[in-house]
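This is what each chain is made of:
2 protein chains.
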Amino acid sequence: MPRQPPPPEWVQKLQPSSPQGADLLAAERAGSGVNVDRLAELLHTREVLDKRAAIEKIVAAEPVFDKTELLSMGRVERMQRSLARGKKLKQLQKQHNWSFEDYKVANTIAGEPTTYGLHDSMWLVTLREQGTPEQHKLFLEPALANKYIGCYAQTELGHGSNVRGLETTATWDPTDKTFVLNSPYLTASKWWIGSLGKVANHAIVMAQLFVNGKNHGPHPFVLQIRDLKTHEPLPNIYVGDQGPKFGYNSMDNGFMLLNKVKIPHINMLARFNVVDPETSEYRRVGSPSLIYGTLTWVRSTIVLEAGAALARGVTVATRYCAVRRQFQDRDAEEAGLKTGETAVLNYKMVQQRLLPLLAATYALHFTGRGMMAMYNANQEAMNKNLAAGAKDARGAGPEELNPGAELLADLHATSCGLKALGSTIAVEGLEVTRRACGGHGFSSYSGIGPWYADYLPTATWEGDNYMLTQQVARYLLKTARQVIDGVAPKNETAEILQFYISRKDTGVANDVLNNDADIVRAFAWRTAFLTLEALKLRDKEKKSWNSLLVAFWRLSTAHSQYLVVRNFYDAVFKDPARLAGNVGDVTADVLQDLFRLFALNTIENHAAEFVTSGAITNNQLTLARVKGVSNLLDRIRPHAVKLVDAWSFSDFLLASSLGRYDGKVYQDLFERARNNPVNELIFDPYPDSDVLIKRTGAKL
Amino acid sequence: MPRQPPPPEWVQKLQPSSPQGADLLAAERAGSGVNVDRLAELLHTREVLDKRAAIEKIVAAEPVFDKTELLSMGRVERMQRSLARGKKLKQLQKQHNWSFEDYKVANTIAGEPTTYGLHDSMWLVTLREQGTPEQHKLFLEPALANKYIGCYAQTELGHGSNVRGLETTATWDPTDKTFVLNSPYLTASKWWIGSLGKVANHAIVMAQLFVNGKNHGPHPFVLQIRDLKTHEPLPNIYVGDQGPKFGYNSMDNGFMLLNKVKIPHINMLARFNVVDPETSEYRRVGSPSLIYGTLTWVRSTIVLEAGAALARGVTVATRYCAVRRQFQDRDAEEAGLKTGETAVLNYKMVQQRLLPLLAATYALHFTGRGMMAMYNANQEAMNKNLAAGAKDARGAGPEELNPGAELLADLHATSCGLKALGSTIAVEGLEVTRRACGGHGFSSYSGIGPWYADYLPTATWEGDNYMLTQQVARYLLKTARQVIDGVAPKNETAEILQFYISRKDTGVANDVLNNDADIVRAFAWRTAFLTLEALKLRDKEKKSWNSLLVAFWRLSTAHSQYLVVRNFYDAVFKDPARLAGNVGDVTADVLQDLFRLFALNTIENHAAEFVTSGAITNNQLTLARVKGVSNLLDRIRPHAVKLVDAWSFSDFLLASSLGRYDGKVYQDLFERARNNPVNELIFDPYPDSDVLIKRTGAKL
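If you're matching them up, the sequences are chains A and B in order.
So the first sequence is numbered by this note's numbering: it starts at 1 and just counts up by one.
So the second sequence is numbered by this note's numbering: it starts at 1 and just counts up by one.
A few of these clues could be false.
Repeated chains share a single entry, so a pair holds when one copy, or any two copies, can fit it.
What the hints assert, rightly or not - With a cut-off of at most 20 Å between alpha-carbon atoms, the simulated EDC-like pairs for lysine to aspartate or glutamate come out as follows:
id	residue 1	residue 2
1	K543	E533
2	K542	E334
3	K94	D688
4	K543	D331
5	K229	D684
6	K13	D23
7	K540	E334
Simulated from the structure, these hints should not be mistaken for lab results.
Sequences and hints are given; from them, build the entire structure.
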C-alpha cells in the first residue's frame with residue numbers, strides 16, 4: 001500500500017545497473033541440477049505445500065496483514081494492530097472452516113504472534129489436559145467458544161526457571177470452601193504472561209497450594225481476571241501489559257498481582273490432584289505423566305521448527321548474496337583482467353559463514369523429524385501402559401515414572417539437549433545471516449532482523465538453553481553408571497558408551513574424511529569420552545555439581561551434536577536408493593555433501609574436544625579443515641540457491657526485499673523506503689528553532 | 001514521568017521477597033577490597049569523571065531526555081523526538097559554553113544517536129580537512145553556525161564496501177564551468193546516509209569524477225539538497241528517509257537520487273585535487289595522507305569505545321546476577337540442607353559466560369589506550385615529515401605513502417584488526433550479557449537490548465569486520481616476506497616473526513600457566529605460525545586470494561588477539577609497582593587475574609590453533625581449561641560487582657532496571673511496566689467483534 005505518489009518520471013525510468021538480480025538468480029537456478037520440487041516434497045510433502053499456498057492466498061488478500069507497515073509502528077499502535085490481526089485470523093478460521101492445524105499455518109503466514117497466542121495454546125491445552133469433565137464444561141467450552149479468553153500464568157517477577165520457587169499462594173479455606181489466591185510479595189507478581197496484559201479475561205494461575213498450613217507445591221487454578229463486558233480488571237487484581245521488549249512486541253505479555261482473591265473449589269484443576277471439599281484432605285487422583293509428555297512435545301516442536309526458523313534467514317542471505325556484487329576478484333584485478341565485480345556468494349569467507357548454516361537447516365529438519373518419531377513411539381508405549389492401569393507416578397521427574405520410564409527418560413534428555421542446541425544454532429545463525437547481508441541486513445526490510453527478534457526468546461523459554469544442559473548431563477551420567485554396573489537399558493546412549501569403553505585402549509581409528517559412518521562414530525566417541533570424564537570428576541573426585549556446570553554444558557552440546565549428525569546421517573545414507581528415487585541422484589548427492597559439511601564444520605569448531613578425546617587425529621583435523629570443508633563449499637556452492645528454494649518460503653512470508661524469489665532486490669528496497677511514513681513529514685532542521693515539523697503529509 | 005496514578009494501597013505495600021537487592025549489592029561491595037574510586041580514576045581520570053557528572057546533571061533535568069518513553073514509540077514519533085533531543089543538546093551546548101568534547105559527552109549521556117550525528121562528524125570533518133580556505137569560508141562557516149546542516153553521502157544502494165564501485169557521476173562541463181551530478185542507475189541512489197533522510201540541507205556527495213570522458217575516481221562535492229526556508233527537496237533531487245532498522249531508529253538514514261544536477265566549480269572540495277576551470281586539466285595538489293590518518297583515527301576510537309560499549313552490558317548483567325536468586329544449590333539440596341536460593345552469579349555456568357567478558361572490557365580499554373598512543377605517535381611523525389615538505393603520496397594505499405610510511409602501515413593494519421576484533425567481541429558479548437539476565441534480559445527495560453541494537457552497526461561500518469581482516473593479513477604477509485628477505489623494518493610485527501623463525505625447530509616451551517610473559521609469547525607464536533602457514537599457501541602453493549580468505553580471517557583474529565593480550569599485559573605487568581601505587585595491591589592483583597582470565601579463556605576458545613602451532617602443549621591446554629580458568633573464576637567472582645562499578649556508568653546512562661546501582665531491580669521493573677502507554681487502553685478481546693479499543697485513558 002504505497003503512501004507516496006509515484007516518483008517523478010526520471011526516477012521511474014531508472015534501473016539497477018547490470019547484471020540484473022532476476023538474471024543472476026535465473027542463472028543460479030539454471031546452473032544446478034537439484035530438483036527443487038522433489039526436494040520440497042521431501043521436506044514438507046505435497047499436501048502441506050498445497051495447503052499452505054491456499055491459505056496464504058486468503059491471508060495475503062487482507063490489508064490488515066500488510067507487513068511493511070508494522071515495522072514503523074509504536075507499541076500502542078502495534079498492539080492494536082495485533083489484536084485486529086488476531087481477530088481476523090479467528091474470523092477467517094470460522095469462515096473457511098479451517099482445522100486448528102490450518103489456523104496455525106495461517107498464523108505462521110501472517111507472521112507475528114498475536115494477542116491470542118496463549119489463549120490458543122497453553123490456556124486450552126491446560127484446561128483440556130488437567131481439567132475434569134465438569135471443569136471442561138464449565139471452563140473449556142466457553143474457552144473454545146472464545147468467550148473466555150485465557151492465558152497461562154506461571155512465571156513470576158522473581159522466579160522463572162525454578163517453578164518450585166513460585167511465591168503466589170492458594171490457601172484452602174474450609175469455612176467457605178474456597179481457595180484464596182494471593183501475592184505476598186512484589187516478586188510474586190505474575191510476569192511475562194502472554195495474552196495477560198490486555199486481552200485475557202481468564203487465567204490459569206500456578207500457585208503454591210496450602211492446605212491446613214502445609215504446602216503441596218504449585219497447582220493450577222482458574223481465575224477470572226477481567227469483567228466480561230467492560231473488560232476492566234476485577235477488584236483486587238492489579239493487571240497490565242509489561243511494556244516493550246526486544247521482539248515479540250505484538251504480544252501483550254503481562255503482570256498481575258492478587259490481593260486475597262477468593263475462588264470456588266471447582267476452580268482448582270482437578271484431574272490429577274484434589275482437595276476434598278468436605279474433609280480438606282489433599283489427594284493425588286491420576287498420573288500426570290502425560291503432562292511430561294506435553295512438555296516433551298513442546299520441546300520437540302521447537303527442534304522441528306529450528307531448522308525452518310534458521311532457513312528463513314539462510315534463504316534471504318543466500319539469494320541476496322547471489323545478487324549482490326562487490327569488488328573484483330583480487331587475483332584477476334592484479335593480473336589486469338576486467339572481470340567485473342564478483343557475486344558476494346563466491347567469496348570463500350561468505351561461503352564459510354552461510355553454507356554450513358544451510359547444511360544446518362537440513363540437519364535440524366531431519367533431526368526434528370527423528371525427534372517427533374521418537375515422541376510418537378513414546379506416546380504409544382505410554383498410552384498402552386496407562387490403559388493397562390499403571391498409575392503410580394511420583395511426579396518427581398520423568399525417569400521416575402513407571403510407564404515406559406526408560407524410553408521417557410531418553411526422550412526427555414534428548415528433547416532437552418536438542419531444544420537447547422537447535423534453538424541456539426538457529427538464533428546465532430540468524431544473526432550470522434543478517435550480517436552476511438552487509439549493511440542492508442540492518443534494514444528492517446531485510447526481513448531477518450524482525451524475525452530474529454521474535455524468534456530470540458526461544459533460546460530462553462521452555463527451559464533456558466543453558467539450564468537444560470544439566471538435564472542431559474544428568475541422564476548421561478546415570479546411563480554411564482548403569483553401563484559400568486552392567487545394568488544399562490538397551491538404547492542408543494548405552495550403546496555408544498559401551499562401544500567407547502570396549503575400544504578405549506585400542507582407539508577408534510575413524511576415517512572421518514573418507515567414511516561417512518566414521519564421522520558419526522567420531523561424534524559418538526567424543527560424547528562417550530566427555531561423559532566418562534565428567535563421571536570421573538563427579539563420582540571419583542567428588543566435584544561439586546556447580547563446579548561441573550561448564551563441563552555439563554559442553555557434554556550436552558557434544559551429545560546433542562552427535563544426535564543431529566546421526567539423524568542427518570540416517571536421513572541421507574540409511575536408504576540411499578530410496579532417497580535417490582525420491583529426489584533424484586544429483587539432489588541426493590548434494591544432501592550427502594550437506595551432511596558432510598555440517599559434520600566436518602562442527603568438528604572444526606570443536607576441534608580440541610575431538611582431538612583430545614581421540615575421536616580424530618591432529619592430522620585428520622588439519623585435512624578436514626583444509627581439504628574437507630573447503631572442497632565441500634566448492635561442491636555445494638552451485639546448488640545453494642536451489643537448496644534454499646526447496647524450503648519453499650513465499651515472498652509474503654519472508655517479507656524481505658533482499659530475499660525476493662525474483663531477485664528484484666533493489667527495486668523493492670527503494671519502493672519500501674520511499675513509502676515509509678517518516679517521509680510524510682518535513683522537518684525544521686535548525687537547532688535554534690524549537691519547531692520540529694514544518695509540514696505533514698509531505699509528498700516526495 | 002508516571003502515566004498512571006499510584007497503585008492501590010495493597011500494591012504499594014508489597015516488597016520484593018527477601019533478601020533485598022539493596023542488601024545483596026551492599027554485601028557484594030563490602031566483600032571485596034577493590035578500590036573502586038582509584039580504579040575508576042585509572043580508567044577515566046578524575047577530571048573526566050567530574051566533568052561527566054556535571055554534564056549529566058544538566059541533561060537529566062530536561063524532560064525530553066526521558067529514556068523510558070522512547071522504547072514504546074513508533075518511528076515517526078521517535079524521529080520527532082530525536083530531532084527535539086538533537087536541538088536541545090545544541091542549545092545546551094551554547095547555553096553552557098560546552099566544548100565539542102563536552103557536547104559529545106552530553107550526546108553519550110543522552111543515549112541515542114540524533115539527527116545531527118553526521119552533521120557533527122563527517123560533514124564538518126570533511127569540509128575542514130578537504131576544503132580550501134575559500135571553501136571553508138563558503139561552506140564550513142555556515143556549517144559551524146548550523147545554517148548548513150550537512151551529511152556525508154558516500155555509500156550507495158548497490159555499493160558499500162567497494163568505494164571504487166560507486167555509480168554516481170560528477171561530469172565536468174567546461175562550457176559553463178560546472179559539475180553535473182547524476183545517478184545513472186537506481187543502484188546509484190545514495191543509501192544509509194545518516195542525517196540525509198530528513199534533516200540535512202547540504203551533503204558531501206562522493207561521485208566518480210569525469211573530465212573529458214576520463215574517470216578520475218570518487219571525489220567529494222558539496223551539494224545543497226533542500227531549500228533553506230521550506231526545507232523541501234530542491235528540483236531533480238529525490239531524497240527521503242530509508243525506513244525502519246534493527247536499531248539506530250532515531251537517525252534519519254536516507255536515500256538520494258540526482259537527475260543531472262549542476263553545481264559550480266567551487267563545490268568540488270579541492271585541497272588535494274582540482275580540475276583547472278580554464279584548461280580542464282585534472283591535478284593533484286596536496287598529500288591526502290592525513291585523510292588516511294582520519295580513517296585510522298575513527299577505527300582507533302572504535303577500539304577505545306568497544307570496551308565501554310561491552311561494559312554497559314556487563315555492568316547490567318553482573319549486578320542483576322548478584323541480585324537474582326534461582327534454585328538452591330543442588331548438592332546442598334541433595335544433602336537435605338536448606339540454604340535458600342543461590343545468587344545466579346554463583347553458578348559456574350554464569351561465571352563462565354560473564355567474567356571473561358568483564359575481563360574483556362578491561363582488555364579492550366587498555367588496548368584502545370595503546371592504540372591511541374600509537375596513533376598520536378604516528379600523527380606526530382607525519383606532521384614532522386609534512387612540515388619537511390614531503391608531498392609525493394600516490395594515494396593508492398597507506399603503506400605506499402612516504403611520511404612515516406612504515407609506522408603508518410603498521411598503524412593501519414593494527415587499527416583494522418583491532419576494530420574488527422574489538423567490535424566483534426563487544427557485539428557478541430552484549431548479546432551474551434543480555435541472555436545471562438534470563439527472561440528479563442528480553443525486556444527493553446533491561447537496557448541491554450536497545451543499546452545492543454544501536455551498537456550493532458559498528459560491526460559493519462568503517463570497514464566490515466570480515467573485510468578488514470584482509471588488510472591485516474596483507475600486512476602480515478608483506479612483513480613476513482621482508483623478514484625472510486632480511487629487509488624488515490624494526491617493529492613489533494617483524495620481531496614476533498623473527499623470534500618464531502629463530503625458535504621454530506627448538507619450539508617455544510611456554511609455561512602459560514605459571515608465567516604471564518609466556519602467555520603473551522604463546523599468542524605471538526601462534527600469530528607467527530599462522531602467518532608463515534598462510535605465506536606458504538600464497539607464495540609457494542600459489543593459492544588464490546579468495547581461497548585463503550578464511551585463513552586470513554583466522555590470522556587477523558589471532559594477531560589482533562595477540563595485540564590485545566600484549567596491551568593488557570603491558571598495562572598491568574610492565575610497571576606493577578606503579579600500578580599498585582595507583583590502585584592499591586588488592587586491585588592490582590585482581591587486574592592481573594583479569595589479564596590471565598582473558599588470555600586463558602581466549603586460548604581455550606581457540607585451543608586447536610594454539611596446540612597445532614606448538615604455542616602450548618595438549619597437556620597445558622587441559623590444565624588451562626580445568627585449573628586455570630576455573631580457579632580464576634573463583635578468584636575474580638568476589639570482586640565482580642566492584643569491577644563493574646569502576647566503569648562508573650550512571651543509572652541515567654544505563655537506563656536499566658536490572659543494572660541499577662542500588663539493586664532495586666524489581667521495584668523499578670514494576671514501576672516502568674505499569675506506566676507503559678499500552679496500559680492506557682482497554683481492549684475488546686472477542687474475536688467476533690471488530691471493535692478493538694473499548695476505552696482509552698484507562699487507569700490501572
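Problem set entry | Earlier hints that do not hold, by number | Violated hints: none at all, because every hint is consistent with the structure.
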